[in-house]
Amino acid sequence: MSNATKTSIHRDVLGASALRPDGAAKVSGKFEFSSDLHAEHMLWGATLRSPHPFARIISIDLSAAYKIDGVEAIITAQDVPGKKTYGLISSDQPVFASEIVRYVGEPVAAVAADHPETCRRALAAIKVNYEVLTPITDAELAMLPSTTQIHPDGNLFRHQRIITGDQNLQGEIIVEATYEMGMQDQAFLGLEAALAIPDSGGAGVEMFVATQWLHEDQKQIAACLDLPLEKIRITLGGVGGAFGAREDISLQVHCALLALRTSRPIKMQYGREESFYGHVHRHPAKIWIRHHATRTGVIQRIESRMVFDGGAYASTSAAVLINGVTHIQGPYKCLNATVDGYAVRTNNPPCGAMRGFGVVQACYAHESQMDKLAVACGLSPVEIRLINAMVTGDKLITGQVVESVAPVERCIRETDAIEMPAPLARNANALEIVGGSGLTSLPHNIVRGVGWGVSIKNLMYSESFDDFATARCQLQNGVVNLKFATVEVGQGFVVLAPQIARSVLGVDEVIIDPVDTRIGSAGSTSASRQTWMSGGAVDGACRLVRQRLFEHVGTKHNIDPLRLVIEDTDVVDMLGDFRISVIEASTGVFIDETFEHHHRPTEELDENGQGNCHVAFAFVAHRAVVDVDVELGLVKVIQIATAQDVGRVLNPIAALGQIEGGIAQGLGLAVMEEIVLDNGKMRNPSFTDYLLPTALDAPQVIAVMIEEPEPQAPLGAKGIGEPPCISVTPAIAAAIRNATGRDLPRVPIRPQDICL
Amino acid sequence: MTVLIPQSLHDALAAATANPDAQIIQGGTDLMVEVNFNHRKPTDVIALRRVDEIRNYVVTADKKNVVIGSGLPYREMEHGELAQLLPALAQAARTVGSPQIRAAGSIGGNLGTCSPAGDALPVLSALDAVINLQTATTSREISVHDFMVGVKRNARQPGELIVSATLPIINGWQGYAKVGVRNAMVISIASCCLVIDREKGSIGVALGSVGPTIIRCRETEQWLAMQIDLKNISIVAPNLLKEFGDRVAKESKPIDDHRSTAAYRRHAVATLSRRLLTRANTQ
Numbered sequence: 006m007s008n009a010t011k012t013s014i015h016r017d018v019l020g021a022s023a024l025r026p027d028g029a030a031k032v033s034g035k036f037e038f039s040s041d042l043h044a045e046h047m048l049w050g051a052t053l054r055s056p057h058p059f060a061r062i063i064s065i066d067l068s069a070a071y072k073i074d075g076v077e078a079i080i081t082a083q084d085v086p087g088k089k090t091y092g093l094i095s096s097d098q099p100v101f102a103s104e105i106v107r108y109v110g111e112p113v114a115a116v117a118a119d120h121p122e123t124c125r126r127a128l129a130a131i132k133v134n135y136e137v138l139t140p141i142t143d144a145e146l147a148m149l150p151s152t153t154q155i156h157p158d159g160n161l162f163r164h165q166r167i168i169t170g171d172q173n174l175q176g177e178i179i180v181e182a183t184y185e186m187g188m189q190d191q192a193f194l195g196l197e198a199a200l201a202i203p204d205s206g207g208a209g210v211e212m213f214v215a216t217q218w219l220h221e222d223q224k225q226i227a228a229c230l231d232l233p234l235e236k237i238r239i240t241l242g243g244v245g246g247a248f249g250a251r252e253d254i255s256l257q258v259h260c261a262l263l264a265l266r267t268s269r270p271i272k273m274q275y276g277r278e279e280s281f282y283g284h285v286h287r288h289p290a291k292i293w294i295r296h297h298a299t300r301t302g303v304i305q306r307i308e309s310r311m312v313f314d315g316g317a318y319a320s321t322s323a324a325v326l327i328n329g330v331t332h333i334q335g336p337y338k339c340l341n342a343t344v345d346g347y348a349v350r351t352n353n354p355p356c357g358a359m360r361g362f363g364v365v366q367a368c369y370a371h372e373s374q375m376d377k378l379a380v381a382c383g384l385s386p387v388e389i390r391l392i393n394a395m396v397t398g399d400k401l402i403t404g405q406v407v408e409s410v411a412p413v414e415r416c417i418r419e420t421d422a423i424e425m426p427a428p429l430a431r432n433a434n435a436l437e438i439v440g441g442s443g444l445t446s447l448p449h450n451i452v453r454g455v456g457w458g459v460s461i462k463n464l465m466y467s468e469s470f471d472d473f474a475t476a477r478c479q480l481q482n483g484v485v486n487l488k489f490a491t492v493e494v495g496q497g498f499v500v501l502a503p504q505i506a507r508s509v510l511g512v513d514e515v516i517i518d519p520v521d522t523r524i525g526s527a528g529s530t531s532a533s534r535q536t537w538m539s540g541g542a543v544d545g546a547c548r549l550v551r552q553r554l555f556e557h558v559g560t561k562h563n564i565d566p567l568r569l570v571i572e573d574t575d576v577v578d579m580l581g582d583f584r585i586s587v588i589e590a591s592t593g594v595f596i597d598e599t600f601e602h603h604h605r606p607t608e609e610l611d612e613n614g615q616g617n618c619h620v621a622f623a624f625v626a627h628r629a630v631v632d633v634d635v636e637l638g639l640v641k642v643i644q645i646a647t648a649q650d651v652g653r654v655l656n657p658i659a660a661l662g663q664i665e666g667g668i669a670q671g672l673g674l675a676v677m678e679e680i681v682l683d684n685g686k687m688r689n690p691s692f693t694d695y696l697l698p699t700a701l702d703a704p705q706v707i708a709v710m711i712e713e714p715e716p717q718a719p720l721g722a723k724g725i726g727e728p729p730c731i732s733v734t735p736a737i738a739a740a741i742r743n744a745t746g747r748d749l750p751r752v753p754i755r756p757q758d759i760c761l
Numbered sequence: 013m014t015v016l017i018p019q020s021l022h023d024a025l026a027a028a029t030a031n032p033d034a035q036i037i038q039g040g041t042d043l044m045v046e047v048n049f050n051h052r053k054p055t056d057v058i059a060l061r062r063v064d065e066i067r068n069y070v071v072t073a074d075k076k077n078v079v080i081g082s083g084l085p086y087r088e089m090e091h092g093e094l095a096q097l098l099p100a101l102a103q104a105a106r107t108v109g110s111p112q113i114r115a116a117g118s119i120g121g122n123l124g125t126c127s128p129a130g131d132a133l134p135v136l137s138a139l140d141a142v143i144n145l146q147t148a149t150t151s152r153e154i155s156v157h158d159f160m161v162g163v164k165r166n167a168r169q170p171g172e173l174i175v176s177a178t179l180p181i182i183n184g185w186q187g188y189a190k191v192g193v194r195n196a197m198v199i200s201i202a203s204c205c206l207v208i209d210r211e212k213g214s215i216g217v218a219l220g221s222v223g224p225t226i227i228r229c230r231e232t233e234q235w236l237a238m239q240i241d242l243k244n245i246s247i248v249a250p251n252l253l254k255e256f257g258d259r260v261a262k263e264s265k266p267i268d269d270h271r272s273t274a275a276y277r278r279h280a281v282a283t284l285s286r287r288l289l290t291r292a293n294t295q
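Just so you know, the protein sequences line up as chains A and B, in that order. Under this note's numbering, the first residue of the first sequence is numbered 6, with each subsequent residue one higher. Under this note's numbering, the first residue of the second sequence is numbered 13, with each subsequent residue one higher.
Honestly, I wouldn't trust all of these hints.
If you want the footprint, here are the derived chain B segments under chain A, 3+ residues with CB under 8 Å [as the list claims (entries may be wrong)]: (1) 46 to 57; (2) 102 to 108; (3) 235 to 245; (4) 264 to 273; (5) 281 to 290.
Which residues of chain A face chain B? A partial, calculated answer using Cβ under 7 Å [unchecked claim]: (6) R126; (7) G441; (8) S442; (9) L444; (10) P448; (11) M677; (12) Q757.
Computed list of lysine-lysine pairs in DSBU-like fashion (alpha-carbon distance at most 30 Å, straight line) [unchecked claim]: (13) A:K686 to A:K89; (14) A:K72 to B:K53; (15) A:K400 to A:K338; (16) A:K377 to A:K400; (17) B:K265 to A:K686; (18) B:K53 to A:K686; (19) A:K89 to A:K72; (20) B:K254 to B:K212; (21) B:K164 to A:K686; (22) B:K76 to B:K212; (23) A:K291 to A:K338; (24) A:K132 to B:K53; (25) B:K254 to B:K265; (26) A:K686 to A:K88; (27) A:K89 to A:K236.
Simulated from the structure, these hints should not be mistaken for laboratory data. Don't be surprised by glycine CBs; every beta carbon is placed ideally from N, CA and C.
Okay, chain A solo, but in the shape it has when bound (with noise of 0.2 Å):
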């Protein structure tokens, strides 16, 4: 449920909420999912995973495996060609382990068969022997010297300390805490899945992949097969979510590895639980935080040791740190600061992006602490915020100045103007009370409360990574054909790219191209960045062609191409009367443009902290209204108020739908989401112990889009598809100290720690 801004504009152009072309294939089980390719003569592939957390290899007998008919190829370490390891930032994970397995779910080898269930029983049927040692899964322990190392690179991903400003500064107020986070699940729906059909002779592959990114994919690939980058050829398969858990390889390397062993297409998808193994999660986290403020609540100084438990291997952990560390203030001035953030190494799933990226811990840190400081200086959490809250041209404790359009204040004011929900009838339906229909709880046993979260959050990649987005414009007889690289994961740039070529040119009819790697990269589906980058991209292209069709059009008919706009469907002259469809102007012409998007250059930090390492920021607002029952410790969340900073709405019913997305998912992580695990095994990787939200946990949702067009943004566009999910968090949670007076310092919050 939710109140969004209707808009009537007769065409589907920028503004409008134009409909996903995608959308009634998605609910009437139409749209073709990776998992649902299917190849002539295709083999199946699947991974045997190591059971323990930690264990030398000692042998691996495949005897046994091979002899099971239908069995055509079983795959090790010493199988990989080229580069025996992979990963996004660090290249230490392996394809298989061949020495030591350093979590539960380590590929070990793979198989290819006839059938899913010989695959079953040839991975039953292959015998490896382990040396079990003891795991390491204390990420404080992890860090020690004296600790074994679980890899050869060490225990350590990063340190990065943040030191500005006076280090010896007390203040009059003092409030400090260690808060805990859990290990949150992407959870996404469509499994990961993959088809990879071998060129003859064994020259390249193609391949269709449900991920993130399909050059950075490419690029793996490439390496562990020795091939060079253009015999990976790749087009996305239709992917059901991702949240950050595709932008790691999971299945790509074995499937092509398959595929070229046994010269037949391979398919291989993962089950859910699998799907658990298969894919890097949250960061879970410890965050020391002391602030120190003036008595009337004015921030002076940040204290704060962050300690991210990145698992086995070093994934994206280094830059999700950066994250964390560069975010701990959150969106209130602050001059000084000593922070220290550490990304540790240890024997659990290995950890990297999800939605918010290190900003979700950082920020259920600090606004934790916002409250405790409002109680200290006796003010509203309303009022700490205003007072703190952080305006354009504020630096950052890294040195940074916010260039970026900062209303945060209006966020918070137009997020308290919003309407509170009326209050529990006492003859309420049992479905609107906590337990639902469990009828656990009657009115008289729930108390209301009400919590806040405010967050500021990075946009695009960070630290000098230029991580551009390229797109292709062709204009002919009045259709559009746009290609780009740019993955869909249900995020909307199916829909809004068409919008952008009809505003920019005039045309009602916009053709998409497959997405593949014929075209340059379009970088990641991730960091809020796709709107902003393949957005800057596709709108680049379409203006070059607009260009190249005035200067047709001027020559044509004896106009300079200076004074011709796209007006509605036409090209139309400003200073006289000539106007003319672009329809018929494009008619027997050919224009091709290519245009690649760059966001502006950004820096390392330094070994203080110091630098320009981000792009742009956006900021939102929560407030959070839920009920519990305090004496058994349940809770149902009731309404969720919001105004988010977005730049400019694009497409109104898009962007509602990443904002109830991401309240769901932070709701999530507040009170149910979390893989729990018992040195280093997970203990419920299924949909019957992982609890998501249902339909009935889902609040309603009031959300206000604070249009100020940012004029980095090629579109005016910020980046929305993570600050939803970050502040809600933390004011789920102080909604629920509101209303018992527990301190409740780690999420997600069990009903144990409300009542117990």
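We have chain A; now place chain B onto it with these hints.
Just chain B now, with coordinates in the frame of chain A:
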């Protein structure tokens, strides 16, 4: 794998007797999960979905009992005559999974799987249900208390089918409540059914998910019957109410697992039983 799909109870019993080791499937909401996880690899399966005789219920002529077919989907118990006769069963049925699961799941399935988290089982226990088991040539009745042997273990013999459960229609109050970590579609981490028979002046309290099987709190029941007159609606004094919950918790045997902790489960059954006893005397 062979799958037999008998179209009548006669054929189903014949099939089960002929192949006593066959895996019986009713709604499949437990079994198919186990198959998907490779925890179970059945070779011969007898599917009861088409056996109409067990997808029904009858009220006995003396109006004292309801005989519920083992294949009657939970969906059919949520509303209507059954819900009026057996409100606690209706409440338990409503908490089972999603609408799709409730269209498939049944009492027969709960009994067959015999998980302590089976939502209907505390109701069967609190009401002292009787389970009817048949083969092609035999028929026997067994108390639900004797039927549920342990964690996912029951007294069904190879070749027998669970045909029905007989539940008494009582004059009194009955209710069910469940705790899960989300507000729908959740496996219980603690549940409780409370039945007060006003004619007999007796109470039945049964707990789910806090022991190897459903736990019937006999000592607490007897204790309460001595403290208050169960034949009449009466407000239970706060100290008695507290002790009632404490005693219920003491009779539970929960464990720590990935879903919850033993301490929370004890607390939850204490709280749920107190709430149900309060509801029994105020609704």
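Structure-based check of each hint:
no.	hint	result
1	46 to 57	holds (count 3)
2	102 to 108	holds (count 3)
3	235 to 245	violated (count 0)
4	264 to 273	holds (count 5)
5	281 to 290	holds (count 3)
6	R126	11 Å, violated
7	G441	4 Å, holds
8	S442	5 Å, holds
9	L444	5 Å, holds
10	P448	12 Å, violated
11	M677	5 Å, holds
12	Q757	4 Å, holds
13	A:K686 to A:K89	25 Å, holds
14	A:K72 to B:K53	21 Å, holds
15	A:K400 to A:K338	8 Å, holds
16	A:K377 to A:K400	24 Å, holds
17	B:K265 to A:K686	26 Å, holds
18	B:K53 to A:K686	25 Å, holds
19	A:K89 to A:K72	27 Å, holds
20	B:K254 to B:K212	24 Å, holds
21	B:K164 to A:K686	24 Å, holds
22	B:K76 to B:K212	14 Å, holds
23	A:K291 to A:K338	23 Å, holds
24	A:K132 to B:K53	21 Å, holds
25	B:K254 to B:K265	19 Å, holds
26	A:K686 to A:K88	29 Å, holds
27	A:K89 to A:K236	19 Å, holds
Hints 3, 6, 10 from the list above are not met by this structure, while the remaining hints are.
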